Amino acid sequence: GEDVEQSLFLSVREGDSSVINCTYTDSSSTYLYWYKQEPGAGLQLLTYIFSNMDMKQDQRLTVLLNKKDKHLSLRIADTQTGDSAIYFCAEKADSWGKFQFGAGTQVVVTP
Amino acid sequence: GAVVSQHPSWVICKSGTSVKIECRSLDFQATTMFWYRQFPKQSLMLMATSNEGSKATYEQGVEKDKFLINHASLTLSTLTVTSAHPEDSSFYICSATRTSASYEQYFGPGTRLTVT
Chain A
0 GEDVEQSLFL SVREGDSSVI NCTYTDSSST YLYWYKQEPG AGLQLLTYIF SNMDMKQDQR
60 LTVLLNKKDK HLSLRIADTQ TGDSAIYFCA EKADSWGKFQ FGAGTQVVVT P
Chain B
116 GAVVSQHPSW VICKSGTSVK IECRSLDFQA TTMFWYRQFP KQSLMLMATS NEGSKATYEQ
176 GVEKDKFLIN HASLTLSTLT VTSAHPEDSS FYICSATRTS ASYEQYFGPG TRLTVT
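Top to bottom, those sequences are chains A and B. In terms of our numbering, the first sequence opens at residue 0 and continues consecutively. In terms of our numbering, the second sequence opens at residue 116 and continues consecutively.
In case anyone wonders, no lab produced these hints; they're calculated from the structure. Please read these numbers as outputs of a predicted model, since none were measured by experiment. Where hints are given, some of them may not hold.
As a list, the in silico EDC-like pairs of lysine to aspartate or glutamate whose alpha-carbon atoms are at most 20 Å apart [claimed, not checked]: (1) B/Lys156 <-> A/Glu4; (2) B/Lys179 <-> B/Glu167; (3) A/Lys97 <-> B/Glu219; (4) A/Lys55 <-> A/Asp82; (5) B/Lys156 <-> A/Glu37; (6) B/Lys156 <-> A/Asp82; (7) A/Lys97 <-> B/Glu174; (8) B/Lys156 <-> A/Asp2; (9) A/Lys55 <-> A/Asp68; (10) B/Lys181 <-> B/Glu202; (11) A/Lys97 <-> B/Glu167; (12) A/Lys55 <-> A/Asp77; (13) A/Lys69 <-> A/Glu4; (14) A/Lys55 <-> B/Glu219.
Which residues of chain B face chain A? A partial, calculated answer using Cβ under 7 Å [claimed, not checked]: (15) Ser158; (16) Leu159; (17) Leu161; (18) Ile208; (19) Tyr218; (20) Phe222; (21) Gly223; (22) Pro224; (23) Gly225.
Ideal placement from N, C-alpha and C gives every residue a C-beta, glycine not left out.
Using the sequences plus the hints, can you model the full thing?
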């Protein structure tokens, strides 16, 4: 079956860059996503990337995709305390496919 | 645009009773809605997919008679947990897409269910 794996925890100092990594197994993944979940809240779409792209940048967020290694990363520049949350990686094989979520990475930003 | 709401945000019910959770797309018409369940510190588990006007498709292992899903309109889907038990306590999240084939999925804020 399809699997999406993430490291469970990341601690980063305020102002530093954070890098959250994700690996997936489904080579037919067409859409790859990063979602943010704050305590007691739903999921907020941060960004997504199509499989025919290698990189996408959106303000402080940079997504890198290595299709050969099936590796996706999210870099948050100048990490702020408000960035403390759980970050979920997700993939979708096609428009009709279901989302496959990773277990989430807890990011803690320390002053 | 693309806001999804859920009501209630938090509900406590007694064992054996039923509770209904609503999911609404506020500024778009949602052909397809999804219901997820999330356990503490875990990922989202897809429970079912519902398309407006048709029966929901349940994932393997999800009891359709226990988790009743109705998608009566293009802006509203409901999840009813029947004869709730403490093990049904969880965080339930819905999401919606504009069309059946869409790469953009919008999530609601979630409903915390506690069964005592």
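Verification of the supplied hints:
1. B/Lys156 <-> A/Glu4: Cα-Cα ~14 Å, so holds.
2. B/Lys179 <-> B/Glu167: holds (17 Å)
3. A/Lys97 <-> B/Glu219: holds (11 Å)
4. A/Lys55 <-> A/Asp82: holds (19 Å)
5. B/Lys156 <-> A/Glu37: holds (12 Å)
6. B/Lys156 <-> A/Asp82: holds (17 Å)
7. A/Lys97 <-> B/Glu174: Roughly 11 Å separates the two Cα atoms, so the pair holds.
8. B/Lys156 <-> A/Asp2: This hinted pair holds, its Cα atoms lying about 17 Å apart.
9. A/Lys55 <-> A/Asp68: Cα-Cα ~18 Å, so holds.
10. B/Lys181 <-> B/Glu202: holds (12 Å)
11. A/Lys97 <-> B/Glu167: holds (17 Å)
12. A/Lys55 <-> A/Asp77: holds (17 Å)
13. A/Lys69 <-> A/Glu4: holds (11 Å)
14. A/Lys55 <-> B/Glu219: Holds. A/Lys55 to B/Glu219 sits at ~17 Å (cutoff 20 Å).
15. Ser158: holds (5 Å)
16. Leu159: Hint on B/Leu159: holds, closest Cβ of chain A at ~5 Å, below 7 Å.
17. Leu161: holds (6 Å)
18. Ile208: Result: holds, 5 Å to nearest chain A Cβ.
19. Tyr218: holds (5 Å)
20. Phe222: Check passed: Cβ of B/Phe222 comes within 4 Å of chain A, closer than 7 Å.
21. Gly223: holds (5 Å)
22. Pro224: Interface hint status for B/Pro224: holds (4 Å vs cutoff 7 Å).
23. Gly225: With a closest approach of 5 Å, the B/Gly225 hint holds.
Violated hints for the displayed structure: none, as all numbered hints are satisfied.
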